[in-house]
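Asker: Single-letter residue listing:
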Amino acid sequence: MPDTMIGQSPIRIDGRAKVTGAARYPSDVVVPNPAWAFLVTSAIALGRITAIEEAEARAVPGVLEILTHRNMRGTVRDAGFFAAGGYAAETIRPLEDDRIWHDGQIVAMVLADSFEAAREAAFRLRVDYAAVTPAAGFGSASATTEPAAKARQGHEDPQVGDADAAFAAAPVKIEADYATPTQHHNPIELFTTTALWEGGKLVIHEPSQYVTGIRHGVATQLGLDPQQVRVESHYVGGAFGSKGSLTQRTALVAIAARRLGRPVKLVPTRDQGFTIATYRAETRQHVKLAADRDGKLQALVHEGTEVTSRPDPYKVAGTQTTARMYDCPNVRTKVTLLHADRNTPGFMRSPPEVPYMFALESAVDELAVALKLDPIELRRRNDSKKEPIKGLPWSSRGLMRCYEAGAEAFGWSRRNPEPRSMREGDWLIGWGCASTIYPTHIGAATARVTLTPDGQARVQTAAHDIGTGAYTVIAQAAAEMLGLPLEKVQVALGDSDLPPAPVAGGSNTTASVCNVVAEACGQIRARLARAAVEDGPLKGRDPASLKLVSGELRAADGTAEALPEAMSRAANGAIEAYAEYLPQGMPKESMRKLYSGKQALGGGIAEGPLAMAAFGAEFVEVRVHARTAEVRVPRVLGAFAAGRIVNPRTARSQLMGGLIWGIGSALHEETEIDHGRARYVNDNILEYLIPVNADAPKVEVMLLEETDTGVNPLGIKGLGELGNVGTNAAIANAVFHATGRRARELPIRIESLL
Amino acid sequence: MRPFTYDRADAVPAALRAAGSGASSYLAGGTTLLDLMKLDVMRPERVVDITPLASRLGGIEAGPQGLRLGALAHMSAVADDAMVRRDYPVIAESLALAASGQLRNMATLGGNVLQRTRCNYFRDVSYAACNKRRPGSGCSALDGVTRLHAVLGTSEHCIASYPGDFAQALLALDGTVELEGPQGPRRIPFAELHRLPGDTPHLETTLAPGELITGFGVPPLPWARRSVYLKVRDRESYAFAVASAAVALDLDGGRVREARIALGGVATRPWRAREAEAVLAGQVLDEAAAQRAAEAAFRDARTHGDNDFKPELGRRTLVRALFQAQRLGA
Ligand SMILES: Cc1cc2nc3c(=O)[nH]c(=O)nc-3n(C[C@H](O)[C@H](O)[C@H](O)COP(=O)(O)OP(=O)(O)OC[C@H]3O[C@@H](n4cnc5c(N)ncnc54)[C@H](O)[C@@H]3O)c2cc1C
Ligand code: SF4
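If you're matching them up, the sequences are chains A and B in order. FYI, the numbering for the first sequence is 52 to 805, going by this note's numbering. FYI, the numbering for the second sequence is 416 to 745, going by this note's numbering.
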């Protein structure tokens with residue numbers, strides 16, 4: 052056994068259960084005698100329900116009940132918008148009245164003895180509407196806009212200096228508009244919910260990135276004590292942000308189970324998933340970038356407008372990141388929200404950075420062309436020690452090291468900078484690059500660690516493994532701190548009855564949870580050490596000098612006591628430690644918020660005292676067919692500096708997945724909207740395109756070493772959302788290099804280049 | 416999905432008998448039918464499973480009479496057949512480039528040519544207006560998202576594109592369809608199987624109710640070895656064609672003796688581009704001739720906003736396919 056588990060690459064401890072099917076995903080949970088729910092969703096985006104004809108549906112054998120606003124009004128209380136101190140992803144109360152706010156809103160839930168009967172009855176339910184012309188988004192007459200600073204308490208548009216004056220005065224400048232589309236997460240696992248009442252206690256099985264939040268949110272909606280609600284989500288089949296906040300379905304399934312007096316299972320359809328959960332908001336962005344003749348940035352103006360729903364001010368606001376990315380003395384940014392008749396958008400993997408860094412990193416490339424400067428050199432000349440808005444020093448900034456290592460591995464020096472200069476047969480070849488950044492978030496977290504006399508450790512925390520490898524890295528942290536082999540550590544996650552941990556969002560889990568687990572393990576070590584110095588081989592030593600290593604408590608000179616003996620000295624049985632970790636610099640109330648299921652992450656690049664982020668440089672080769680303009684990506688390479696890597700294997704697959712996601716974000720992913728009707732059209736995973744294997748033949752990940760204990764005691768930076776930032780810009784930049792045409796609107800499809 | 420009666424037929428007469436009564440559908444690979452039943456778009460009262468007929472109707476035979484493909488042959492089997500790949504590459508490629516490996520292993524040729532449009536307004540019953548699904552209800556696509564809709568063969572009642580690939584290959588090679596029906600067997604040119612939407616877009620084929628496709632024939636055509644199927648799509652695999660072209664060339668030195676061209680992804684039915692073929696006959700195949708042929712093929716194109724780019728893409732696809740075929744050693 053290696054002395055240090057952190058930094059090793061064990062295979063996932065839950066891998067075997069997953070590939071053998073032993074892992075029970077929430078909808079796999081067997082409950083006694085379930086009733087099945089099937090949703091009916093609205094066929095219009097705006098208006099009212101005028102009639103619901105139930106007779107034919109109720110006549111289907113096996114149908115038990117149909118929930119509509121007619122028998123549900125007043126049942127579900129308001130849980131509040133998650134970003135305004137509440138819990139809900141969208142504040143429309145489910146089945147509250149006859150009003151339709153958006154396409155695909157839940158208008159009825161059919162309950163039956165079988166899934167088939169529920170589905171058939173749902174098909175036979177007739178809902179009539181009085182439709183009003185809706186606003187779909189940009190260009191819709193009835194859409195309204197408001198500045199984010201007005202819509203969202205506490206929102207500040209970062210700015211410094213006088214960007215407009217500096218832009219006017221600068222010798223070299225570019226100005227351009229960029230557009231990014233609506234995107235849906237489409238995790239393979241659908242948005243299922245299973246609910247049952249056990250006595251007065253409600254148990255919910257639902258794939259979730261935030262079991263504590265769902266517990267408190269549902270308790271609020273149903274007027275229950277949070278202790279009466281338990282949310283379990285041990286395995287999650289993909290989430291990407293879509294399973295982070297409370298959606299309407301959960302309370303409905305819970306109420307159905309109470310009314311029927313039996314468990315209820317809901318497995319919505321793929322297309323319903325487009326409207327009953329969240330999505331990435333589309334944006335329109337305007338960027339102005341100016342430099343002196345040496346390429347030193349003088350001004351950045353970045354303005355973004357983002358679609359949200361009528362009731363909720365969801366914001367993307369990636370200007371928080373772009374304003375701080377490079378050393379620029381004059382910055383002005385502004386975010387505006389556009390309210391349309393759409394469901395409320397939400398977090399999707401690197402929510403602010405994916406759209407906004409697309410614009411910034413495209414603009415930087417455009418500026419490099421205007422300056423006739425290598426785009427990497429331009430970034431080098433504007434690298435920084437401090438972020439420019441508040442002057443917060445970077446805790447570490449590996450950006451240029453990533454560019455150097457990546458460029459070398461990619462062969463960047465062989466690139467002829469002239470557009471359309473590289474070609475193979477009918478295929479135009481382009482090479483492009485772009486930066487990635489992901490702020491290092493961290494949250495207050497709690498955990499319980501139990502060490503039993505037989506040398507087994509159990510870690511319990513209501514954190515989540517959404518497919519990222521959290522089970523494994525948390526076990527590694529505990530194994531390291533307790534000096535145990537990995538197989539002696541059990542990890543329990545995804546259960547709101549466990550000590551609370553933050554939402555699995557903002558790539559904070561590894562940092563937050565490993566640090567609290569380390570703290571709990573430290574308590575256990577301290578207790579063992581205090582007892583060991585009383586008597587036995589370690590008598591009289593300084594307890595602080597003793598370490599748990601390889602199954603023993605060991606002093607620096609090698610004197611040791613085996614764990615069983617040390618255990619029996621310290622306790623009669625197991626030793627249990629409960630730790631609370633409040634990251635440095637976070638306000639005390641973060642801990643209280645954690646216990647009440649409110650999302651409160653700290654760290655990042657805007658709060659201080661340090662600016663903390665992971666960085667990377669991404670390189671792509673594209674091929675564009677000279678006649679038919681398909682864009683293909685034969686290779687992509689990312690070099691990343693992301694602090695201490697707990698498990699290079701799982702880190703690599705996060706980053707690799709991110710790069711592939713980035714290919715999709717550049718070339719494939721777009722939820723198409725019928726503008727007249729404000730409805731999603733390609734709401735299935737055949738026509739909502741993501742890359743297939745053939746679209747990502749060669750993906751290389753380089754992990755650079757980085758030590759940064761400024762971010763947290765273990766030196767961990769999150770990286771789950773690092774890989775897929777900037778890839779879209781790198782591809783657009785490569786397409787420009789291949790074709791001489793600048794694609795400023797995503798996705799870049801055939802018709803963009805014909 | 417709604418309740419239906421399930422029958423399993425192990426012989427052609429039994430299949431015809433079972434299908435004879437009521438609103439029935441044959442079930443082959445099920446990759447179109449079951450999808451559309453789950454979406455409530457197709458609502459057969461009776462489903463007649465014809466997969467047991469595969470032992471008799473699943474063959475791939477080649478000889479001096481040309482090629483005969485059983486209706487229940489799987490797409491993957493035909494795509495992988497060495498002889499089809501050598502002598503009729505356009506057929507093998509059209510199948511190999513379609514759908515995914517899993518689907519090709521399930522799906523049959525008979526079902527393939529009868530696959531329904533991917534028009535989202537057709538596939539989503541929450542849209543009230545769709546003439547194909549509900550005759551006379553209107554067409555939601557006309558003022559909707561039309562990126563994948565047709566530009567050739569449209570009518571004011573329906574602009575849905577025919578999505579399949581294999582049909583173009585059959586059409587280009589003058590294939591035929593063998594049928595069995597209550598009135599006995601018959602054989603028709605493949606070109607007569609699909610209808611234009613006109614004012615009856617719900618009638619997609621000329622099949623009589625209950626008629627069963629038993630197989631396809633392709634006449635002997637030695638120069639079919641110089642044939643290609645070019646599929647232009649939004650990702651490298653597992654996507655329908657944005658535009659495609661099936662091309663076979665009979666060359667006499669640099670000169671075209673005869674060209675066969677069918678277009679996919681751009682038309683309401685499998686589309687034979689005879690005007691383009693006529694332009695090329697007797698010509699030296701160079702850039703100018705190829706462009707003229709492409710112009711001719713799309714002369715009558717009508718677009719609807721999102722698909723404004725399609726005639727241009729269709730032309731380029733055809734030109735590229737022509738040169739690709741030209742480069743092949745026959
Ligand atoms: C995700 C996805 C991607 C796809 N991509 C492509 C693609 O890229 N290119 C492409 O060409 N296709 C594609 N397809 C379509 C696929 O090729 C067809 O669904 C398949 O070929 C249909 O064959 P089947 O045997 O499954 O037909 P079924 O679903 O069993 O039947 C289809 C229809 O034909 C009828 N039928 C079947 N056999 C007979 C017969 N012998 N006589 C009379 N009627 C019959 C049935 O009643 C039914 O109406 C895709 C499908 C899916 C689901
Ligand atoms: S194009 Fe055809 S299939 Fe599509 S909505 Fe119109 S009528 Fe229906």
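Treat each hint with caution, since some may be false.
As the list claims (entries may be wrong) - Quick list of in silico lysine to any residue cross-link-like pairs, SDA-like style, CA-CA up to 20 Å:
1) A/K347 / A/E167
2) B/K453 / A/N735
3) B/K453 / A/E167
Said to hold, decoys possible - Partial list, derived from the structure: chain A residues whose beta carbon lies under 8 Å from chain B:
4) F174
5) R177
6) E455
7) T679
8) E681
9) H719
10) N733
11) L740
12) P742
13) V743
14) A745
15) D746
16) K749
17) E751
18) L755
19) I801
Hints are computed from structural coordinates only; laboratory data are not their basis. Glycine included, every Cβ here is placed at the ideal spot set by N, Cα and C.
Asker: When you check the alpha-carbon spacing of B/K453 and A/E167, does it fall within 20 Å?
Answerer: Holds, because 10 Å separates the two Cα atoms, which is no more than 20 Å.
Asker: Would you check the hint for A/K347 and A/E167, treating anything up to 20 Å between C-alpha atoms as holding?
Answerer: violated (65 Å)
Asker: So, A/R177 near chain B? Judge it on the closest CB pair being under 8 Å.
Answerer: This interface hint is violated because 11 Å lies over the 8 Å limit.
Asker: Is the hint on A/D746 kept, meaning its closest Cβ partner in chain B is under 8 Å away?
Answerer: Holds, because the Cβ-Cβ distance from A/D746 to chain B comes to roughly 5 Å (cut-off 8 Å).
Asker: May I ask you to test the interface hint for A/E751 with respect to chain B, counting a Cβ-Cβ separation under 8 Å as satisfied?
Answerer: violated (19 Å)
Asker: Take a quick look at whether B/K453 and A/N735 sit within 20 Å of each other, Cα to Cα.
Answerer: holds (13 Å)
Asker: Given A/T679 was flagged as interface, is its beta-carbon under 8 Å from a beta-carbon of chain B?
Answerer: Since chain B brings a Cβ to about 5 Å from A/T679, closer than 8 Å, the hint holds.
Asker: Tell me if A/L755 is really an interface residue toward chain B, meaning its C-beta lies closer than 8 Å to one of theirs.
Answerer: Check failed: Cβ of A/L755 comes no nearer than 31 Å to chain B, outside 8 Å.
Asker: Would the hint on A/N733 stand, with a C-beta cut-off of 8 Å toward chain B?
Answerer: holds (7 Å)
Asker: Would the hint on A/V743 be counted as holding, given a Cβ-Cβ threshold of 8 Å to chain B?
Answerer: Hint holds; A/V743 Cβ to chain B Cβ min 5 Å, cut 8 Å.
Asker: Closer than 8 Å between Cβ atoms is the bar; does A/E681 clear it against chain B? Give me holds or violated.
Answerer: It holds, given that the least Cβ distance between A/E681 and chain B is near 6 Å, below 8 Å.
Asker: So, as I understand it, the hint says A/E455 touches chain B; can you test that by seeing if any CB pair is closer than 8 Å?
Answerer: violated (31 Å)
Going through the hint list in order, the structure does not satisfy hints 1, 5, 6, 16, 17, 18.
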